[in-house]
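Enquirer: Chains as they are written, first to last, in the working numbering: chain S, 1 to 317; chain A, 1 to 317.
Hint data in this document are derived by calculation from the structure and do not stem from the laboratory.
There's no promise every hint is true.
[As the list claims (entries may be wrong)] Straight line, CA to CA, 27 Å or less: simulated DSS-like cross-link-like pairs of lysine-lysine:
| no. | chain 1 | residue 1 | chain 2 | residue 2 |
| --- | --- | --- | --- | --- |
| 1 | S | Lys182 | A | Lys215 |
| 2 | S | Lys312 | A | Lys215 |
| 3 | A | Lys46 | A | Lys10 |
| 4 | S | Lys182 | A | Lys181 |
| 5 | S | Lys182 | A | Lys199 |
| 6 | A | Lys4 | A | Lys46 |
| 7 | S | Lys312 | A | Lys208 |
[What the hints assert, rightly or not] Heads up, incomplete: computed chain S residues facing chain A, CB under 8 Å, no partners named:
| no. | residue |
| --- | --- |
| 8 | Lys182 |
| 9 | Thr183 |
| 10 | Met191 |
| 11 | Thr197 |
| 12 | Arg200 |
| 13 | Leu201 |
| 14 | Ala202 |
| 15 | Gln292 |
[What the hints assert, rightly or not] Restraint-style ranges between C-beta atoms, simulated for each label pair:
| no. | chain 1 | residue 1 | chain 2 | residue 2 | range |
| --- | --- | --- | --- | --- | --- |
| 16 | S | Asn241 | A | Ile16 | 54 to 64 Å |
| 17 | A | Lys7 | S | Ala295 | 48 to 58 Å |
| 18 | S | Gln292 | A | Leu36 | 51 to 61 Å |
| 19 | S | Ile122 | A | Asn13 | 46 to 56 Å |
| 20 | S | Gln292 | A | Glu40 | 40 to 50 Å |
| 21 | S | Leu104 | A | Pro279 | 51 to 61 Å |
| 22 | S | Phe245 | A | Ile217 | 25 to 35 Å |
| 23 | S | Ile97 | A | Leu182 | 33 to 43 Å |
| 24 | A | Ser162 | S | Tyr87 | 46 to 56 Å |
| 25 | A | Lys7 | S | Ile122 | 45 to 55 Å |
| 26 | S | Ile122 | A | Ile217 | 52 to 62 Å |
| 27 | A | Arg247 | S | Val175 | 39 to 49 Å |
From the three backbone atoms N, C-alpha and C, an ideal C-beta is built for every residue, glycine too.
Okay, here's what each chain looks like letter by letter:
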Amino acid sequence: MKDIIGFIKRSEQMGLLIVLVLIIVVFSLLQPSFFSVPNFINILFAASLVGLIVLGEALLIIGGQIDLSPGSVAAFSGVLAAILFRYELPALLVMAIVMAVALLIGFINSQMVNALKIEPFIATLAAMQVFRGLAHIICNGSSVPIRNQLFIYFGAGRVFGIPISIIFFIIVAAVFIVIINKTRFGRNVYMIGGNETAARLAGLNPQRIKVVLYMLTTLLASITGMLLAGRMNSGQPVAHNGLEFDAITVAILGGVRFSGGSGTLTGCFIALLILESFKNGLMVLNVPVFWQQVARGLLLVAALSVDYIRQKKAKQH
Amino acid sequence: MLFKVIKKLKEENKIILYVSHRMREIFEISDTVAVLKDGEFVTKVKTEQTDEQQLIRHMIGRDLGDVFNKLTREDSIGEEVLAVKGLTTDSISDVSFRLRRGEILGFAGLVGAGRTETMKAIFGVDRLHSGEIWIEGRKVKIESPADAISEGLGFCPEDRISEGIFRSRSIKENMSVVILKLLSRNGFVDFKREIDIAKDQVANLQIKTPSLETKIIELSGGNQQKVLLARWLVSNPKVLILDEPTRGIDVGAKSEIYKLITELANKGLGILLISSELPEIIGLSDNIIVMREGKITGFLTKQEATEEKILTLAMKK
Chain S
1 MKDIIGFIKR SEQMGLLIVL VLIIVVFSLL QPSFFSVPNF INILFAASLV
51 GLIVLGEALL IIGGQIDLSP GSVAAFSGVL AAILFRYELP ALLVMAIVMA
101 VALLIGFINS QMVNALKIEP FIATLAAMQV FRGLAHIICN GSSVPIRNQL
151 FIYFGAGRVF GIPISIIFFI IVAAVFIVII NKTRFGRNVY MIGGNETAAR
201 LAGLNPQRIK VVLYMLTTLL ASITGMLLAG RMNSGQPVAH NGLEFDAITV
251 AILGGVRFSG GSGTLTGCFI ALLILESFKN GLMVLNVPVF WQQVARGLLL
301 VAALSVDYIR QKKAKQH
Chain A
1 MLFKVIKKLK EENKIILYVS HRMREIFEIS DTVAVLKDGE FVTKVKTEQT
51 DEQQLIRHMI GRDLGDVFNK LTREDSIGEE VLAVKGLTTD SISDVSFRLR
101 RGEILGFAGL VGAGRTETMK AIFGVDRLHS GEIWIEGRKV KIESPADAIS
151 EGLGFCPEDR ISEGIFRSRS IKENMSVVIL KLLSRNGFVD FKREIDIAKD
201 QVANLQIKTP SLETKIIELS GGNQQKVLLA RWLVSNPKVL ILDEPTRGID
251 VGAKSEIYKL ITELANKGLG ILLISSELPE IIGLSDNIIV MREGKITGFL
301 TKQEATEEKI LTLAMKK
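Pulled out of the complex, with its shape left as it was, chain S reads as follows (with noise of 0.2 Å):
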């Protein structure tokens, strides 16, 4: 029996696997350019900007939440960061500043679920409005040019040729695996996730864990958006639209049940490379930018059928 349940956890994710491939494969022969170290690496430091939210979303998915800010709190921390080099500060003092302040984003969403009720989806769609809104006024709208060279090096700089995000986020994640996979808090997300009037009868405390995982997303989040302001040396309040859409079709593609209680973040990283060699793959081929925004809406239904034969099949065994 431990045999079959194996095996059938580990074809889950060599399903992922054989996706990932043929999309490879067929975008390769499609045009020979997309097989190349260097195009590899741009998949890669594109996957590091949205693994870090998927990270977040994934673990907020797994414990029966969910946040549609990350985007906007992106967008918002660039043009913050940008404003803040306004006033000569050293960059670390910056980042320091712009991640406080994602952090208390974070902790406003977790209230407006814990004190004031409110559905995660409802409370984060909120945020995501202000923050997007809000993003926009503090710089009236233009991008911001940024000159701090340390700051510039955190989004543009490599490694023995490696972009620092790309590492950044492997670094992170691998963090984040053993969280969610060893560690008491890790499983107590699966609990209140599975179940969170339950979990309270055991004794958690599910509004302590989700204030945690709320801060965690948009912390995340403005890391994201940090780094992609050094690497475009500016802040721009119209970036990352649409990136928590990006995180939530990989966690859900990767096995994150949406109703809360199971998922695997290995999963969700197989699922981030499919969805960004997938992206990569239709600009290289010049599809036009609103048909590329077609076929990822059909990648997230057939993620979403994927999970509905899954269940259903987990259910005849």
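Dock chain A against chain S, hints included.
Expert: Okay, now just chain A, sitting in the frame of chain S:
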């Protein structure tokens, strides 16, 4: 409605297989009854030639009456372990009683009499307007289930599916959730100890499961309930609250749970037992409290208790 459809189908010469553990339904609808036990076929009889007692005998291998008679209660009732004084919440008023070590204190009453609400008040789920809770002669402050647990209380809720189990999680995780803190060092879960403890409980309570990793929702109701009991047993409580512990469970598993409850009391645990089945509450309890409309209306010892007396106290005059 369903029965009408079934009768109509029967007139059309269709064969109906009807699976149920509700005796009344079986006798109302069936022509022939087949009894299965532990995955094996026991017997098949014509419905008109059998009665409830005989069916139960087939289902558990003996009489239900015998089950209660066979429960041996050592005279192990000791000093007071829990006392509540003047407990008042939105739905109960001025509830006071004492529970001694090794005592099974039954709570009888109609649905809505305030029995569950009394337990929720003690366990820190419902807010107290006034009243005191004393444990081992010490006045305690319980403001959340977590507080209650650290004072040595345990609570198996009435609605197993929505308040008890974590359906998407394994039986191992369902068992360890209360004591996970004790099983962790520096926030990291000691998985080996977790498995050992779960193994012990599966053996002790004779839980029928293919593996420790099996999702709890895949087990039968009786085995799910045993997992919930195991969850509290491993936390080594002083007082265990059981709210309708045999609801939705087949007769065979019921008798096992009765035996278990008796054993726990013999070991010195104080037990607060809510049940709406009068034979069950009379058969198991040492003393019985009857409630009506949020108030205690009577106290009966095992010797005094009859179904008639309980019903008189439970219903409005």
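Enquirer: How does the Cβ-Cβ distance of A:Ser162 and S:Tyr87 compare with 46 to 56 Å: does it lie in that range?
Expert: Since the Cβ atoms of A:Ser162 and S:Tyr87 sit about 54 Å apart, the hinted range of 46 to 56 Å holds.
Enquirer: Between A:Lys7 and S:Ala295, does the beta-carbon spacing fit 48 to 58 Å?
Expert: Cβ of A:Lys7 to Cβ of S:Ala295: about 55 Å, so the range 48 to 58 Å holds.
Enquirer: Verify the interface restraint on S:Thr197: the C-beta must sit less than 8 Å from at least one C-beta of chain A.
Expert: At about 5 Å, which falls below the 8 Å cut-off, the nearest Cβ of chain A leaves the hint on S:Thr197 intact, so it holds.
Enquirer: Under the criterion of a CB-CB separation shorter than 8 Å, is S:Gln292 in contact with chain A as hinted?
Expert: Interface hint status for S:Gln292: violated (34 Å vs cutoff 8 Å).
Enquirer: Holds or violated: S:Lys312 with A:Lys208, Cα cutoff 27 Å?
Expert: Roughly 24 Å between the alpha carbons, so the hint for S:Lys312 and A:Lys208 holds.
Enquirer: Is 52 to 62 Å a correct range for the gap between the Cβ atoms of S:Ile122 and A:Ile217?
Expert: For A:Ile217 against S:Ile122, whose Cβ atoms are near 29 Å apart, the range 52 to 62 Å is violated.
Enquirer: Given the hinted pair S:Lys312 and A:Lys215, is their Cα-Cα distance within 27 Å?
Expert: 15 Å, holds
Enquirer: Against the range 54 to 64 Å, how does the distance between the Cβ atoms of S:Asn241 and A:Ile16 compare: consistent or not?
Expert: 58 Å, holds
Enquirer: Min Cβ distance, S:Leu201 to chain A: is it shorter than 8 Å?
Expert: Holds - the Cβ of S:Leu201 comes within 8 Å of chain A, reaching about 5 Å at its closest.
Enquirer: Would you check the hint for S:Lys182 and A:Lys215, treating anything up to 27 Å between C-alpha atoms as holding?
Expert: 19 Å, holds
Enquirer: How does the Cβ-Cβ distance of A:Arg247 and S:Val175 compare with 39 to 49 Å: does it lie in that range?
Expert: 44 Å, holds
Enquirer: Is the shortest C-beta separation between S:Arg200 and chain A less than 8 Å?
Expert: For S:Arg200, the interface hint holds, since the closest Cβ of chain A sits about 6 Å away, which is under 8 Å.
Checked against the numbered hints above, the structure violates hints 15, 20 and 26; every other hint is satisfied.
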